[in-house]
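Take the sequences, apply the hints, and build the full model.
Now for the letters of each chain:
There are 2 protein chains.
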Amino acid sequence: MNMPPPTTPSTPGTADAATAGRFPAHRPSRTIVEPVSPMVDGGAFAGKASIGRPVRIVADVFTDGHDVVFAEAAVGSASSDAVRTIPMAPLGNDRFEAWFTPDELGRWNYEVTGWVSHAETWRLGTAAKVAAGLDVEVEAAIGAALVAAMRATPHHAATDADLARLATLGTALESGNTEAITDDDWTQLFHRCEPRDAADSGAPLPIDVDPLLGAIGSWYSFFPRSTASDGDVAPDAPGTLRTAIDRLDHIADMGFDVVYIPPVHPIGTTNRKGRDNSTNAQDGDVGSPYAIGSPDGGHFAVAPELGTVDDVTALAAACDARGMKLALDIAFNCSPDHPWVSEHPDWFVRRPDGSIQYAENPPKKYEDIYPLDFETDDWQALWTELADVFRFWIERGVTIFRVDNPHTKAFAFWEWAIGEIRTAHPEVIFLSEAFTRPRVMQRLAKLGFNQSYTYFAWRHTAHELREYFEELSTETIDFLRPNAWPNTHDILTEQLQHGGRAGFVSRAILAATMSPSWGVYGPLFELLETSPRDGVEDYLDSEKYEVRHWNLDRADSLAPLLARLNEIRRQHPALCDLASITFHPCDDESLLCFTKTDPAGIGDPVLVVVNVDPFAEHRGFVDVDLAAVGLEYESSYDVVDRLGGTTHHWRGNRNYVELSPYGAMAHIFTVHGHRPAAADATNDDPGRTIR
Amino acid sequence: MNMPPPTTPSTPGTADAATAGRFPAHRPSRTIVEPVSPMVDGGAFAGKASIGRPVRIVADVFTDGHDVVFAEAAVGSASSDAVRTIPMAPLGNDRFEAWFTPDELGRWNYEVTGWVSHAETWRLGTAAKVAAGLDVEVEAAIGAALVAAMRATPHHAATDADLARLATLGTALESGNTEAITDDDWTQLFHRCEPRDAADSGAPLPIDVDPLLGAIGSWYSFFPRSTASDGDVAPDAPGTLRTAIDRLDHIADMGFDVVYIPPVHPIGTTNRKGRDNSTNAQDGDVGSPYAIGSPDGGHFAVAPELGTVDDVTALAAACDARGMKLALDIAFNCSPDHPWVSEHPDWFVRRPDGSIQYAENPPKKYEDIYPLDFETDDWQALWTELADVFRFWIERGVTIFRVDNPHTKAFAFWEWAIGEIRTAHPEVIFLSEAFTRPRVMQRLAKLGFNQSYTYFAWRHTAHELREYFEELSTETIDFLRPNAWPNTHDILTEQLQHGGRAGFVSRAILAATMSPSWGVYGPLFELLETSPRDGVEDYLDSEKYEVRHWNLDRADSLAPLLARLNEIRRQHPALCDLASITFHPCDDESLLCFTKTDPAGIGDPVLVVVNVDPFAEHRGFVDVDLAAVGLEYESSYDVVDRLGGTTHHWRGNRNYVELSPYGAMAHIFTVHGHRPAAADATNDDPGRTIR
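Residue numbers (this note's numbering), protein chains in the order written: chain A, 7 to 697; chain B, 7 to 697.
I should point out that these hints are in silico values taken from the structure, not numbers from a laboratory. Model, not experiment: these values are computed from the prediction. Accuracy of the hints is not assured; some may be wrong.
Note: identical chains are not told apart, hence a pair may lie in one copy or across any two.
[What the hints assert, rightly or not] With a straight-line Cα cutoff of 20 Å, these simulated EDC-like cross-link-like pairs (lysine to aspartate or glutamate) come out:
| hint | residue 1 | residue 2 |
| --- | --- | --- |
| 1 | Lys-371 | Asp-282 |
| 2 | Lys-370 | Glu-143 |
| 3 | Lys-370 | Glu-126 |
| 4 | Lys-371 | Asp-326 |
| 5 | Lys-371 | Asp-166 |
| 6 | Lys-370 | Asp-141 |
Take a look at the structure:
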């Protein structure tokens with residue numbers, strides 16, 4: 007230490023000895039790696055990805071000063087030792103990205119490393135000096151030393167061809183010749199060959215890979231007991247799982263991917279609900295399928311009037327045969343008649359009067375349902391039994407579960423149960439039906455639900471929809487996958503009640519184009535059912551409490567629209583992306599305009615404009631940031647309406663649209679940009695698409 | 007398990023045995039705790055807080071279902087076993103907050119716990135049933151059991167008075183009397199007394215507590231060698247640290263808190279820079295104080311022409327005597343003449359021709375500076391020596407360091423050095439002068455710099471300022487504390503060059519009111535200096551390379567404005583808050599309007615409107631969300647301009663302002679709301695302020 011003459015009595019620098027033991031064990035890398043995405047709560051939960059679909063890894067990687075840094079992602083399935091390393095591309099502002107496509111279901115992990123490239127720093131600096139006419143004799147010698155070091159201890163990714171090229175470069179540099187360094191493919195070679203003093207992102211970050219239907223799919227729900235008119239039974243008799251099979255062609259013809267049915271289990275009779283949620287059931291009332299359990303069994307049984315366990319397997323197989331999947335509804339509700347009530351009385355809360363605590367939301371009572379007590383001392387047996395419900399149906403051919411009200415069961419149970427089941431069955435998909443507060447929905451998504459119902463049904467204005475999908479496509483994109491439903495068998499929104507056909511059309515288009523997964527409560531959506539039970543956003547004469555019959559051949563059915571939407575989604579994969587959604591201003595606040603692109607880079611970009619007001623025509627200019635669809639400012643391009651069929655030639659960012667309940671409520675455009683002629687005068691395909 | 011008759015050959019539920027060992031050791035709490043703030047990278051870095059200033063702890067706490075949850079924060083200094091527990095208040099949507107005021111410097115930790123309150127759930131449910139006229143006989147019995155459990159094993163926070171009240175309640179409930187439960191203070195009592203099945207936020211989350219000046223202060227910088235005209239020396243002679251002492255009264259009179267001076271060390275002569283950054287120094291050129299080191303010494307020495315190490319101590323003491331603090335500039339640059347160059351040649355990079363690598367940004371060269379090599383094998387000695395520089399000056403009375411270009415030194419060094427020094431000297435403050443990319447600035451803030459220079463100088467429009475301060479007040483608020491400077495000795499923005507006096511006024515007001523810490527490069531700001539060196543945003547005839555003399559008594563000096571701004575900041579602590587900053591729309595896009603409140607809840611809310619355009623008058627309505635200042639929609643209130651002195655009676659959210667270069671460029675209003683008379687007709691002080 008260089009000390010000045012003592013000027014004060016104290017002895018500076020005497021802390022050395024005390025701190026010497028607190029140094030890091032090795033000189034730390036100068037590089038910093040901050041992982042960005044996919045990352046959920048710092049790695050406490052897994053991100054989500056789909057098999058066969060590109061995953062984007064993003065990290066911030068930087069060092070002190072102005073040296074060039076390189077970054078690399080290492081990705082591997084937890085069940086294999088194979089690791090893929092992917093060089094990361096700089097995006098500017100210290101951010102890097104890499105893409106990979108998982109080819110195996112289950113848990114994956116990734117790690118990002120970053121390091122200073124002295125070779126690339128030297129190469130770019132020397133090139134700048136050459137360009138400025140400076141003498142680079144010393145730089146050539148520095149480069150020769152760097153090349154010699156690379157050849158002496160190359161990184162293991164170096165190829166023989168790399169080393170041969172380095173040998174040639176070394177010889178040139180030793181003779182003072184720097185001509186070769188302006189070639190930009192040295193960047194990749196140095197990335198492969200240079201020894202690394204690398205930093206990494208810490209512990210490996212988890213990603214759970216599930217089937218594509220975990221993220222992207224079209225869902226259709228119906229009540230099997232209301233399918234009698236489809237089959238060979240007496241006209242007024244209830245339908246069964248077998249008559250439900252007869253309904254499948256109709257659903258497959260509309261292009262749906264998932265067929266979802268309410269619980270199939272025996273329905274309790276004690277305190278059974280009557281029609282329209284009445285507490286006084288009449289003779290012959292069929293009860294709610296959510297009041298589960300009777301002397302015929304509980305969650306491992308099928309209601310005799312619907313069929314048998316084998317019929318569920320047959321229904322699942324019939325779905326498979328049509329390219330669809332069956333989703334079973336698992337509701338951990340017990341009717342007072344559920345076998346668990348007598349077999350496991352300690353799984354329920356007993357009141358001081360000896361009765362079992364029914365569900366309530368004071369002062370409301372739901373006496374047909376006994377909630378399970380997740381604070382029971384017998385929790386391990388309870389958890390095991392509930393997980394076995396899923397296992398039971400998995401063994402019988404079901405791989406998708408719509409889970410009813412998961413937010414009223416302990417979070418720790420779900421985390422354990424989904425983890426256990428996913429380990430053995432990574433193909434299984436859980437949809438969380440938690441219409442509740444945001445933190446609760448988000449936690450369920452974090453702990454493992456593949457996808458979640460959303461607030462879509464209650465986001466009506468263009469502003470609300472934009473704000474909501476901006477949140478879904480950024481803040482929660484790593485873990486919460488939305489499934490958007492205009493209606494469900496519990497939800498008939500005021501907008502659908504009053505908006506007429508145009509309202510149904512607008513809402514179906516919004517759900518199918520904004521959200522990778524969407525669904526409808528089928529027959530009542532197709533047939534424009536709008537009658538609410540008094541004062542609530544629910545259906546009158548609801549199928550939850552009675553058997554209905556539907557004429558699906560009605561001329562005014564929306565089935566053709568639903569079929570077309572599903573067809574367009576298949577043909578234009580950009581529509582099923584969420585991360586790329588970008589909203590664009592419109593002059594009219596009832597017009598919602600957004601674009602999406604295909605992350606695989608194959609499909610055309612899409613540009614959707616929807617009139618969200620079912621009552622009036624809206625018109626005006628949309629102002630599209632063309633960069634969002636890969637076009638240059640002031641480009642000319644064609645937009646082809648995949649719904650209406652028309653093609654428009656648009657120019658620049660501002661273009662006119664008008665959408666009306668009396669005409670089209672939306673455009674679902676694909677965007678076809680032209681390269682500017684001046685930029686590529688010899689281009690023999692002037693109309694080729696920019697992606 | 008309740009199994010149906012076998013219908014398929016497979017045996018359901020056989021996974022039990024395999025999973026039994028994977029249960030959690032104990033039944034997990036039903037409650038989820040997700041800490042929100044202060045939290046930096048999930049707890050990898052410490053949040054920041056100031057001694058004596060309220061800290062807000064925020065967490066999301068929730069459970070399954072609809073039970074009431076309670077939350078509590080436990081806070082303690084790492085150097086003490088004392089832990090404060092603070093009940094957290096619900097903010098809605100599952101978010102809770104608690105406030106505490108640290109009374110000790112150094113590392114603190116906090117933890118959040120949450121639990122289901124069965125007692126409060128019961129109390130509210132029963133009250134709802136009573137209100138609905140339902141029979142609550144069973145509920146009284148349930149309550150009696152809950153009370154008995156609380157009395158049997160109360161939480162340790164229960165007081166004797168609590169237990170006595172519980173005894174009374176128990177007796178009443180046993181006789182079926184539920185009258186007492188409507189009293190809301192049971193909430194607090196149950197919080198204290200009920201046994202808890204709690205979840206916590208995981209590992210304790212760190213917070214570093216530093217002196218108030220770490221967050222809030224007014225900074226003034228000047229060159230001691232340009233203070234000769236203040237003192238008893240020949241008129242053209244350079245100033246010294248002693249003449250700098252004579253400058254302090256002027257600075258203290260303006261109300262500044264921190265006096266910051268450039269490096270005081272010996273200046274090298276090899277490749278010394280001449281006036282205006284010329285590479286050909288002339289005889290008599292004094293050199294840049296950033297080219298540190300000469301035969302007179304390096305970072306432990308003082309340039310002989312400035313004085314001695316004791317003079318620094320005297321200057322620091324003279325600042326202290328005036329209620330200010332001295333900030334020393336630590337720049338780890340070495341001139342070729344620095345003693346380290348010969349004593350530690352391995353701390354520098356040697357080129358193949360035997361020369362030492364100078365600083366460069368190819369093709370530019372900075373041959374007067376040798377950068378330290380943080381990749382040296384002798385890194386422990388280098389780190390130790392650099393940390394000793396801080397220790398040396400701390401031992402001589404300096405507690406604030408403005409660190410020059412920390413982003414060109416290894417991050418790992420800063421994390422280690424600041425950690426080491428802070429452990430022994432928690433009173434020391436480090437200001438990061440890293441005018442570089444966001445991730446780099448943020449990382450330096452995370453790893454321990456108390457505060458950071460900002461992009462403020464280059465944020466000119468109201469939109470830019472709003473966007474930047476929205477980011478500073480949300481995304482980075484837990485770790486990056488901004489210090490906003492309209493100018494520095496390196497920065498004379500184009501706006502200041504051309505905006506005239508109104509530009510200086512507008513920029514000073516913006517810095518002083520938007521940012522808790524702000525500063526000016528003093529004499530040249532006071533005296534409206536606007537001459538740039540050709541083509542760069544830097545000063546002509548810069549003090550960095552020559553001695554200047556200033557007449558601070560000029561009639562047009564901005565000193566009175568600066569003094570008034572600092573006075574207003576002291577009188578109205580809301581101005582020094584950042585988290586509460588809320589921006590409000592204005593009709594005119596050159597008017598910036600924002601409000602702030604005092605987190606201690608004592609000072610008045612403030613409402614600031616600034617004309618950011620120095621060239622023209624701007625007028626229009628501002629549209630203030632009155633909730634941001636604690637007023638009701640459509641309130642009437644007085645706004646008192648602390649700058650201009652006028653008072654206006656405003657009503658509702660939209661009110662008119664006009665601000666002009668020829669009149670006032672800004673209003674700094676305090677806001678004085680009246681309680682609506684109807685709400686409190688007997689109020690004998692109708693004008694009392696709502697805070």
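Item to check | List of violated hint numbers, smallest to largest | outcome: 4, 5
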